[in-house]
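Participant: Chain by chain, the residues run as shown.
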Amino acid sequence: MTILTVAIKYLRGRLLASVLTTVSIALGVGLVIASILVSRGIKEGFVAGATDYNLVVGAKGSPTQLVLAVVFRMDIATPNIEYTVYEELKDDPRIDVAVPVMVGDAYQGFRYVATNSAYFAVFPWRRRMYSLSSGRFFRDDPVDSPAYEAVLGAEAAGGTGLRLGDRFYEGEEMADHPLTVVGILRPTHSADDRAIFISLSSFWGMNELAHGMVIKPLTAVLVRPKRLSDITGLHRERNVAAETQAVLPSGVLLTIFNMMAVAQEALNMILVIVGVIVLIYVFVAMYSATLERRREIATMRALGARRATVLAIVLVESGTLAVAGGIGGILAGHAAAYLAAAMLAARSGLVSQPFQFDAVQPAVLAIVILLGALAGLLPAVLAYRTEVAENLAPLS
Amino acid sequence: MSPRSAVVLSEVRKSFPAGDGGNLEVLNVEHLALSAASCTVLRGRSGSGKTTLLNLIAGIVLPSAGTIEVEDTDLFALSEARRDRFRAEHIGYVFQSFNLLAAFSALENVMLAMLFAEVIPQRLQRQRAGELLAQLGLAARLAHKPQHLSRGEQQRVAIARALANNPPIILADEPCASLDAATAREVMAAFLAVCRQDGKTLLLVSHEQAALGDADQIIDMAELNRAETGKATTATVRQ
Numbered sequence: 001m002t003i004l005t006v007a008i009k010y011l012r013g014r015l016l017a018s019v020l021t022t023v024s025i026a027l028g029v030g031l032v033i034a035s036i037l038v039s040r041g042i043k044e045g046f047v048a049g050a051t052d053y054n055l056v057v058g059a060k061g062s063p064t065q066l067v068l069a070v071v072f073r074m075d076i077a078t079p080n081i082e083y084t085v086y087e088e089l090k091d092d093p094r095i096d097v098a099v100p101v102m103v104g105d106a107y108q109g110f111r112y113v114a115t116n117s118a119y120f121a122v123f124p125w126r127r128r129m130y131s132l133s134s135g136r137f138f139r140d141d142p143v144d145s146p147a148y149e150a151v152l153g154a155e156a157a158g159g160t161g162l163r164l165g166d167r168f169y170e171g172e173e174m175a176d177h178p179l180t181v182v183g184i185l186r187p188t189h190s191a192d193d194r195a196i197f198i199s200l201s202s203f204w205g206m207n208e209l210a211h212g213m214v215i216k217p218l219t220a221v222l223v224r225p226k227r228l229s230d231i232t233g234l235h236r237e238r239n240v241a242a243e244t245q246a247v248l249p250s251g252v253l254l255t256i257f258n259m260m261a262v263a264q265e266a267l268n269m270i271l272v273i274v275g276v277i278v279l280i281y282v283f284v285a286m287y288s289a290t291l292e293r294r295r296e297i298a299t300m301r302a303l304g305a306r307r308a309t310v311l312a313i314v315l316v317e318s319g320t321l322a323v324a325g326g327i328g329g330i331l332a333g334h335a336a337a338y339l340a341a342a343m344l345a346a347r348s349g350l351v352s353q354p355f356q357f358d359a360v361q362p363a364v365l366a367i368v369i370l371l372g373a374l375a376g377l378l379p380a381v382l383a384y385r386t387e388v389a390e391n392l393a394p395l396s
Numbered sequence: 001m002s003p004r005s006a007v008v009l010s011e012v013r014k015s016f017p018a019g020d021g022g023n024l025e026v027l028n029v030e031h032l033a034l035s036a037a038s039c040t041v042l043r044g045r046s047g048s049g050k051t052t053l054l055n056l057i058a059g060i061v062l063p064s065a066g067t068i069e070v071e072d073t074d075l076f077a078l079s080e081a082r083r084d085r086f087r088a089e090h091i092g093y094v095f096q097s098f099n100l101l102a103a104f105s106a107l108e109n110v111m112l113a114m115l116f117a118e119v120i121p122q123r124l125q126r127q128r129a130g131e132l133l134a135q136l137g138l139a140a141r142l143a144h145k146p147q148h149l150s151r152g153e154q155q156r157v158a159i160a161r162a163l164a165n166n167p168p169i170i171l172a173d174e175p176c177a178s179l180d181a182a183t184a185r186e187v188m189a190a191f192l193a194v195c196r197q198d199g200k201t202l203l204l205v206s207h208e209q210a211a212l213g214d215a216d217q218i219i220d221m222a223e224l225n226r227a228e229t230g231k232a233t234t235a236t237v238r239q
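Same order as they appear, the protein sequences are chains A and B.
Quick note on numbering: the first sequence equals residues 1 to 396 in the working numbering.
Quick note on numbering: the second sequence equals residues 1 to 239 in the working numbering.
Just chain A, with the same shape it has in the complex (with noise of 0.2 Å):
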């Protein structure tokens, strides 16, 4: 027999109150654990979907819509723009790269997103790289001959069940017109892994025999410059224009990191709050659990316990407590996680990667069992003052 063979055995005495608590603390640590990895999961997931463009350029309204719509596939798509707005800026001298998208209505909860070969391309500035795990990129068919072909982002595959040379459409007037699927992409862990990609022509085709609608509009463009210096001329140039808004994604991440430090500090109040009831609850139950068996304690000190040894069994009860607590918290915050992390990127599009084991956890761990011996503390101090003969008067 050991002290911690003696605390466990009254932690097991005491069942109920002690998986009590254990959950208690366990809920608490499951709320930090999971906060942190969520707002961490979030912040990396806006960093790791952001575009390598430096412009996106759409119709007037809130920058904040115009890059979640399109980058992340977030909100609700702006207005649109006209297609000439793409055709100045690709003859601009002073732009390298312009993509062209149009954001449009799902196929089973994924977005279409229409574009062309430039948006898969390989360029040197590009962090992110399109490759195909099988089949090919959609061709840029002419305006006037669709070739109605998908290219798959890696989830859209695996959540429509669609395979290469699959066909399907939406709606019975798309029918005679149906997509066929001719290439699905590898994960690229962004917004894009949900998207089906087509061609305008085919976007456009899709929508005049769909909704008789013959304007050629788009929600975006993708905007590289040649020099980092013209980002300047470029923006305000557009800012300028009645129709169109020009928007550095980086501005509009800052500004959503901004807001989120906001809600991440009211956050922190309420699990401070949390930590403190957590601490509370834990001290309670041990304080009387202590108090109930004094004549234990009494006793043991008669059998030749030392008053260190008593301390000792205290302090390691709620060390047991906070460990098992503090392990069993530390999964449901990964579960948490891991289930907030699927439901935003089946709702948003945003895609984060919650399990990432790092300082984190043990530090959390290590602050557990710290804050779990000091709620301990006071109660075995109690043990440790325990008068023995005081304690030990005869039942009546």
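These are calculated hints, taken from the structure and not from any lab test.
Owing to the predicted nature of the structure, the values given are computational and were not obtained by experimental measurement.
Incorrect hints may have been included.
Output of the computed footprint for chain A on chain B, the stretches with three or more beta carbons under 8 Å from beta carbons of chain A [as the list claims (entries may be wrong)]:
#1 58-71
#2 74-84
#3 106-112
#4 115-127
Every residue, glycine too, gets a C-beta built ideally from N, C-alpha and C.
Assemble chain B onto chain A, guided by the hints.
Facilitator: Relative to chain A, chain B alone:
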């Protein structure tokens, strides 16, 4: 040649703070010696200082004056931690209320005492606890929690626990007072037999006929305790 004394008390006094700011002397013993391997029975009315005397010999309470030697060791010359260790190794204590730990089985209650003394190697503790309980007729009750044992069985577990570290001295405070007469006779007989067999020095507070009949020495607290007989020399007179 006179037998070796296992316990010697000299001019031992014990006072407790009284409500009026003075001290209330509850024990005043000029001299008491317990021979090794003897059985001494203490008798006295309630409040005559019997339990205080046992607690002093166990080193659980400190004397106000005097010396207590147990196994040739001046108990109160030791630091508290060393006195605790000394108690664990040399003194077994049987309480009137058994004081078994509710969360522990009979076997574990006995093994618990071994944790504090560390005289029985860990690998042998379970075996020794089992043997002691079997010796007291509880071989079939090892895994039972105290609440699932009869009062007589609980007291046998408490006796086994007192014997766990094979201490030379056993103190027992009315061990059968809360048992019915038949069970008390049975438990007392088993207790005395084990103590005799192992040559323990036994100081027993009891009014049981079996104990009185088996005692080498019977001490009446009224005669031993000068505080009890009104010979107290402290300022406060005991009410």
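Participant: Looking back at the numbered hints, which does the structure fail to meet, lowest number first?
Facilitator: Violated hints: none; all satisfied.
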